[in-house]
Structure formats: C-alpha cells, structure tokens
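Residue numbers 9 to 159, in this note's numbering, belong to the letters of the sequence shown in order.
For the record, the hints were derived by calculation from the structure and aren't laboratory data. Misleading hints may appear alongside valid ones.
As the list claims (entries may be wrong) - Estimated spans, in silico, between C-beta atoms of each pair:
#	residue 1	residue 2	range
1	Ala132	Arg65	30 to 40 Å
2	Glu63	Leu113	32 to 42 Å
3	Asn112	Cys61	33 to 43 Å
4	Leu127	Glu90	12 to 22 Å
5	Asp134	Glu63	38 to 48 Å
6	Tyr146	Gln95	17 to 27 Å
7	Glu138	Glu63	29 to 39 Å
8	Asp134	Gln95	34 to 44 Å
As the list claims (entries may be wrong) - Here are the simulated lysine-lysine pairs, DSSO-like style, with alpha carbons at most 27 Å apart:
#	residue 1	residue 2
9	Lys93	Lys47
10	Lys99	Lys47
11	Lys79	Lys129
Virtual Cβ for every residue (Gly too), placed ideally from N, Cα, C.
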Amino acid sequence: MMNHAECSILLVEDDPNDIFLLERAFRRANLHHSIHVVKDGDEAVMYLEGQGCYEERENYPLPALILLDLKLPRRSGLEVLEWLKQQPLLKRIPVVVLTSSRENLDVDRAYDMGVNSYLIKPVAFDALQEMMQALNSYWLKFNQYPSVYLT
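Kindly produce the complete structure, drawing on both the sequences and the hints.
Have a look at this one:
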C-alpha cells in the first residue's frame, strides 16, 4: 500500500501559466508531493507506458493521481482518458479532469469515459490553493489506492 508521503501526481497540462500556478498552489498549501508535468497527450501516454525518456520508474513513478487538462496538443485529454481506460492496470489510477471547460458535453463525455472527478480551474489563486488542499485531502490522503503493477 502506498503511503501518503510517497504519492506522486502526473499533471497533464500545456499552459505554462497554469503549470506555474498549480505548482505554486501545492507549495503554498504545504503539499510536498512530487509533481511530474507532461505538456501534451502523447507525452502523457509515453509517461504512463514508461516509454522513451520515461523508462526509469524510479525517476518517473506511476502516479497516485492524474490531473488532466482537456484541451491539449497532439492528443486531447479525452483521448488520453479513453486510452488510459483501455489499459488493464493503468485504468485503475484515479483521474481528475482539471480544465476551464464548463461545456456539458465535455463534462458528460469525461464521466462516460470513466473520469473520477471533473473540476473547473478557479480564476482566483486563493480558490486554486483551496482546491488543491481539498484534492490532496481526498485523493492523496484519505483515498484507498488500487493495485497498479507494471507488467
């Protein structure tokens, strides 16, 4: 069983400003999880498969949580989610969509494809920090983790 301190997060986000703000919100909330950032959908798949520069699982561990933007270059967040949910073991990793899209179609499609939660990026930094604290408490502290092993 993974302990709270070992949890890593895979942030799939292409906007450098959002990456900066999310990392800052985690630091300000005193959350010290390792955050691995990939900037497009193809890179997310490579990371999760342990391919290319992500082969070293000690440096690029499977995440306890995936924060997934929807509007990504190369492969959209929904395409990444669709791929992930077809992987026998990786599909167990909790995925939280973190996006600016309030479109009902996006929300419904994400849940139809098996997302665990759908959050709208808050505009105010204080609200983002509060969201990251809540996300940490629920998904990384209290949540029971599934077994995810490399084959």
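Quick check: which numbered hints come out false for this structure?
-> Going through the list in order, the structure violates no hint and respects every one.
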